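A.B. asks: In case you want the letters, here they are:
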Amino acid sequence: MSEHTNIILKTDNLCKYYGAGDNLVKAVDCIDLAIIQGEFISIVGKSGSGKSTLLHMLGALDNPTSGSVWLDGENISSFKENRLSQIRRRKIGFIFQSYNLIPSLNVWENIVLPLGLDNKEVDTAFIQDIVKTLGLDNKVKNLPNTLSGGQQQRCAIARAIAAKPSIILADEPTGNLDTKTGDEVMALLKASAKKYGQTLVVITHNEEIAQMADRTVMIADGKVVG
Amino acid sequence: MKMVFRLALSKLRYHKSRTMLTGIAIMLTTMLLTAIGTSAIALLDMNRQLVVAQTNYHAAFGLTEPGQLSVLSKHINVESLQSAENFAQIIYGKMNGSLNYYETIKDGIYFSHLELTEGHYPEREDEICSVPAFFKRVGADPVVGGKVTLSFRVNGKGDIQTKEFTISGLFPDREISTDISDSRIAWGAYVSKALLTQYEETGLYEPSPMAYLRVYGEDTLSYDEMENKINSTASDIGLDEEHVSCNKQYLFTMTSPDTDAVSIVVVISLVVVLFSTLVIYSIYYVGVITDIQEIGKLKALGASKRQISRLFFCQSGIICIFAIPLGLLIGYLLPWFLFPQVIRILNAAALDSTRMDHLKGLRNQLHMFSLPFLLAVVISVLIAVLVSLLKPIRMAKKVSPVEAIRYQENTTDCKSRRGHLTVKVSTLTFANLARNKRRTIVTMLTMGLSSVLFICVAAVMNSCRVEDLARRNILEGEFRISLDYAHNDKEYPENNLDALVQQEYFSEAFLERLSSIEGVESVKRAPGIILSSTDMESTLFAESNNRVAISCFTREDLPELNEQLVSGDIDYDRMTANNEVIYTHEYSFEKYGLALGDVFPLTLYDGDREIPLTVTLTAVSQPESYITLIIMTKDSWDNLGLTCDPTTDIYLHVKDAQYDDVKKALQDIVAENEHFSLYSMDEEMAIGRSGLSLIKYPVYLILVLIAVIGFMNLINTMITSIITRKRELGILQALGLSNRQLVRMLSGEGMVFTAGTLFISATLGHLFGYLFFLYAKKMHFMSLKSYHFPLWETVILALVLLFGQAAITLFINKKVEKESLIDRIRSQE
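Going down the list, the sequences are from chains A and B. Residue numbers for the first sequence follow my numbering, beginning at 7 and rising by one. Residue numbers for the second sequence follow my numbering, beginning at 130 and rising by one.
Hint data in this document are derived by calculation from the structure and do not stem from the laboratory. Here the structure is a predicted model, which means the values were calculated and not measured. Hints are supplied without guarantee of correctness; some may be wrong.
[Claimed, not checked] Stretch by stretch, here's where chain B covers chain A in the computed footprint (C-beta under 8 Å, at least three residues):
#1 60-71
#2 80-92
#3 96-109
#4 117-123
Each residue gets a CB set at the ideal place from its N, CA and C atoms; glycine is no exception.
Please model the entire structure based on the sequences and the hints provided.
C.D. replies: Listed below in structure tokens is the structure:
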């Protein structure tokens, strides 16, 4: 499969169906997609088009009905749950629309959480660098509920980058933010990804963000349409 | 209201596990209360039936005038009336027997031993009826129509008459041991009116009838009122109170329930209710905390405070409708099935064969159902639920719409957290516990409370030892031979202690005879007893037939007496010099209105010699084993110069191997004297064992149920903690938390609860357990002697907690895992 060494993530005839018979919903319908390392891809599409389902399968959060997902040359669709959680810890960074920070941990702890789960030493200088880049340096001890939406999302970005994953998957990262903050967050995300050499896959409704990407994939009714 | 009801219903369905837990807690509470109360009702009824089974008369009047009986039969107070006459004394060896006659004048009185099993009551002058054993005893064939010849003295005096009787009827047979000597059994045979009339006409018989009667008002009047009514009836027919003898046991049982039993039931029930209230409160409290957002949304939509509280009441109401009746049913059925079994076991143990005989027949006719009681249970449970709802409702009412929608279940007053440089699974565990500090503490406290309760009772139960119970009757050694004596029997003065000591039953020769039995190691006299009376006005003496026993203590007893000192002070030499005495029972000291410094001019009875002695009460001390209420120093005792040996008890130490042989030999010796009783360690141990199991098992059953209710609380906390964090846990998994790490994190949380609970039970539990033991010991409960640490109970508690919480965590986690990760991350609960 790894004929193209630059391809970090690839799907093969990827399908995700829900229900059966008349109620069959093809959330993702035979998608073939290849993402090159360091690339910034935006995935756009209407609500219910299957973007998020695709992203979840790319991020090993969900199992495909058929087809396969190849990450770094490995078919992760056949992996067991334990191996998948290891992959999520090491290779993938997630950013959710609703930030999904752990409310009982402070900003720093949220950021280093994936490292802790992997029993890895925290590279303090590196994390401090991220924190500084994202403008959270005076908030590290704060609990998430004391932060603004933009700050929370920046914290989520820092968390996604912290374990130095090869891919960052962002599901409408600016969906809950006002335009100005959204733009700021997006710029930071793009800059950080570039700085640390990470592949960035972003789902968005926002035309401007889509245009910031190296490539835009358009999805409709579970298929890639452009 | 309809909307609120529908909302309540849908909320109950949505929070299925919480609904179930609340339901189970309420059900168990109801069940416990019902079971405890129903058992108590059954027990009271059993006691009542035991008393009723023998006879049901209220009072016996010794009539003095011939016309009194007919006046009595027409008296407005009299419900039932029966006359009885003691016609003659039977002369047959040492037999203590009499020929009697009875006649029912107004129906309604019965004596169980006078219910004919066959034949009829004597009508002709030569007819007789009695128990088959009596006829066998006098050498006749116990069949109706059989002949028996008896010698008797009419009115117990005059010439001996001999007459042949025909057996006309038989009374229910009694099981009477052949070992018991004749003189100790009161045999009674019944003859006809015709015979009495015949002797009366010849002037040989002077009737002195007794009247057994029942007065109206047994169901409504109190004991005192009944007694007054009986006495006023007696005075109406010109009878003094001294001729009236009330059937106290019957009257007391029928008019006032056993206050001891009732108060125990009330205390246990209160503990159960209090505890359940706390658990139900905790479940609701946790519920409100997790529902704050939902409540806020309802408020944002316009729900008023009243509607919010109605919502809560509605939810609990619906649960109660199902849980309470179920609890009532199970709580009623449990004793309904188990109680007869307990009685069966008691029957088998046959602690007291005469009492147990009556039980055989009434096993299945126990009256256990009491509607007022069940209603009281329902009301108590409803009040418990209501009280437990008050605070959660107040909290829910305070929720503001805006705050609630923003509320993320993690709201703490803290804005920041010191945190750690790196995050481990344990960091997550403690971070979660810390953010719900109040919830964590409430759960730990309720769990802890149930464990403390468990350990407390276990400590006392574990300290109850069969041997301690047995030692109540045999203070030392393996056997005790005791002198049966009366204090002040006017009719049979020969049975009084002062008369018996003159017989010198416990002579040196007798003791030597005992020592010579093979296997007997030592024979020891117990400190003696002498009786005393006073001319002074004293409730203590009045309630003891004006004879109070006195014994002595030695210098060796001083440490224990000082340790158990309640009031006053003990100085041996001063006490000897001034004839001072110690009172040994705190409770009756107050009851009899005694005070330190009371001076009693006493007369002591040394056989037929009377010794005047004035004593002063200077201390109250309640030692483990006291023989008499009043004790004096050994020196004062010796100064009395007693001429008769005051020994009433003898203790024997025997070799284990020859225990059975010694027992047999002692039984033979004791059978020779009607005033001797033998207490043997094996029998006392058996009695102690059954007495103990009678208390131990029900108490442990109640404890287990309390523990189960407490466990509901843990289950609830864990379920809420996991279900409400479904999304958060999903996110953690999305970030790479493996299943194993998840289980470790959750069981870590459970472990903290368990550790907290165990810490509370190990510290407070054992502290209170010891204090409770000291209190129980002071109250002389089950003859407690030394504290035995409830090790096994503590280990079992710890194991149950550890495994229980681990099982719950795994179970809930498995359920949560069934949902896909994506669904969990998206879930909004």
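A.B. asks: Find the hints from earlier in the document that the structure breaks and name them by number, from lowest to highest.
C.D. replies: Those not satisfied: there are none.
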